[in-house]
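Asker: Now for the letters of each chain:
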Amino acid sequence: MSITAWPGLTITTRSGMGYWLASLRSMTRFEMGRARQWAALMVLIQILMGAGMALMYGFFYPQITHETALYITTGTPALALIPIGFVLVPASVGQERLAGTFDFTWSLPVPRSAQATATFLLFTVLSLPGAVLALAVASWRYQVQLDISPLIVPGVLLSALMAISVGFGMGLAISNPLLINLITNALVFVVLLFSPIVIPASHFPPWLLAVDRALPFYNMAEVIRAGLSIGLVTDLTRSYLILLAWTIAGWSMTAWVVGRRK
Amino acid sequence: MTACAGPLPPVTVRRGVAYWAGSYRALTRWHLASLRMWLMLLTVVQIMTGAGFVLGFALFFDHIPASAALFVSTGVPVINLVVVGLIMGPQLVAQQKLQQSYDFVRSLPVPQTSAAAAWYTVCLLAGLPAVVVSLLIAEARYGISFAVSPAIVPAVLLVAFTGTIIGYGLGHAVPNPMVTTLVTELLIFAAFGFTPILYPSWQLPGWLATLNWWFPFGHMAVIVRAGLTSGMATGIASSYLIVAAWGVIGVALSAWALGRRA
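Residue numbers (our numbering), protein chains in the order written: chain Y, 46 to 307; chain S, 25 to 286.
Don't read these hints as lab results, they were simulated from the structure.
Backbone N, C-alpha and C fix where the C-beta goes; we use that ideal spot for every residue, glycine too.
Treat the hints with care, as some may be off.
To be verified - Per label pair, the in silico range of CB-to-CB distance: (1) Y/W151 / S/N200: 49 to 57 Å; (2) Y/A218 / S/L235: 40 to 48 Å; (3) Y/Q108 / S/P153: 32 to 40 Å; (4) Y/Q108 / S/I260: 22 to 30 Å; (5) S/D127 / Y/L143: 42 to 50 Å.
All chains, full assembly: derive it from the sequences and hints.
Answerer: Below is the structure:
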């Protein structure tokens with residue numbers, strides 16, 4: 046067989062910042078089109094989980110003191126972000142792996158880093174309304190006066206981005222869907238009972254608190270709480286650094302899977 | 025076409041107590057054998073969940089009040105008892121429908137009542153170890169000494185029956201496996217967070233407490249509590265009646281779902 050040269054066809058290697066940004070734009074539109082199917086459901090689950098948990102925790106107490114109410118309310122946005130990042134994203138990534146969706150998207154002529162960035166950005170933005178709504182429900186229920194400061198913006202954004210990055214990396218790196226299911230379910234249970242998200246950290250035995258300080262969940266609650274209240278949070282820098290480290294870990298997991306050849 | 029020639033095979037209608045008991049034995053063994061891995065994993069998860077609730081609940085308080093500790097310790101066994109039949113059971117049936125083994129299971133030549141009884145036995149067996157471990161952990165952690173009375177036997181049997189048969193009816197009545205999964209996920213959230221199982225009903229808002237009076241979950245906790253403590257539970261007779269009434273509803277639902285033609 047001979048190779049026929051096609052007249053007029055020139056091959057250009059597409060690269061550069063402009064090409065990457067154009068790819069990011071088109072992949073964001075692509076992902077947005079796909080998200081229309083489940084975005085509403087996602088917000089619904091967030092409200093159920095976030096606001097529902099916030100209401101439920103209130104039933105645990107014979108008397109709800111101001112401190113209790115404040116902790117529950119300021120912990121609610123984190124409660125609404127955790128199920129998205131650590132349950133929904135890994136589950137949907139696992140399903141898409143099984144369905145072969147990645148085989149298609151990775152074959153598109155766009156840099157894979159632009160694809161991953163588009164997904165992260167989109168999920169981060171989509172996870173915000175549910176968190177805000179859950180916070181609104183909780184503050185209405187407990188009638189707590191919040192001191193909202195500009196710190197809330199980086200706090201919520203980093204928390205959402207971190208949760209989605211780790212969830213995405215986990216969903217990609219772990220190939221067994223049953224294992225993902227088991228891990229995510231165990232995570233949610235551990236988080237809801239054994240992380241100081243809606244509870245003051247002083248209730249925790251030191252060894253458990255040390256574990257929680259290294260895991261992302263407590264730190265999510267802390268950086269968000271710092272933007273909603275005054276004087277509850279100490280050691281904010283440390284929480285930010287740990288969240289940053291988890292975000293990078295999520296990106297590395299993603300890069301490792303996305304970048305290798307089959 | 026001609027009719028089938030030759031003598032028809034002898035038709036024996038199998039019935040009677042011996043046949044029923046034989047079917048029951050065979051199906052119980054069949055469930056235990058086919059689900060052995062799943063059941064072992066489930067038992068471990070159940071024990072961990074029970075222990076998690078008993079231990080984790082204390083973290084919500086600075087110092088957990090004795091009454092709260094007693095409530096959670098006597099409520100966790102209810103969750104252990106019903107979670108298999110009410111939540112896992114329907115999900116298992118949904119899975120069978122997805123894998124298309126459901127029609128095969130339904131076609132087995134066994135009486136429906138013995139099939140239901142066998143499933144009830146399996147669910148009871150899967151729940152009991154976790155009940156015992158949860159109670160032992162509660163004794164060790166909170167220094168509670170339970171006043172176990174013979175009333176615990178009918179309470180456990182009835183609670184497990186009602187939970188299992190509602191789940192049984194649900195699993196068979198709902199045709200779409202996705203809907204089953206969604207309903208059970210909502211049920212686990214609503215039944216364990218918003219019902220007075222782990223905490224007294226006066227900690228709920230008035231309307232929710234009233235609503236709960238019509239549902240079986242709070243009453244299950246009452247009758248189990250009555251078998252584990254003395255003088256703590258009130259309205260035991262009406263609680264038995266309501267749990268039993270829900271058992272009848274479950275039987276009716278199952279009979280309708282299994283009796284109709286596909």
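Asker: Now look at each hint and say whether the structure bears it out.
Answerer: Hints, verified against the model:
1. Y/W151 / S/N200: 49 to 57 Å: Violated, at about 32 Å.
2. Y/A218 / S/L235: 40 to 48 Å: Check passed, 44 Å falls within 40 to 48 Å.
3. Y/Q108 / S/P153: 32 to 40 Å: holds, 36 Å
4. Y/Q108 / S/I260: 22 to 30 Å: holds, 27 Å
5. S/D127 / Y/L143: 42 to 50 Å: violated, 25 Å
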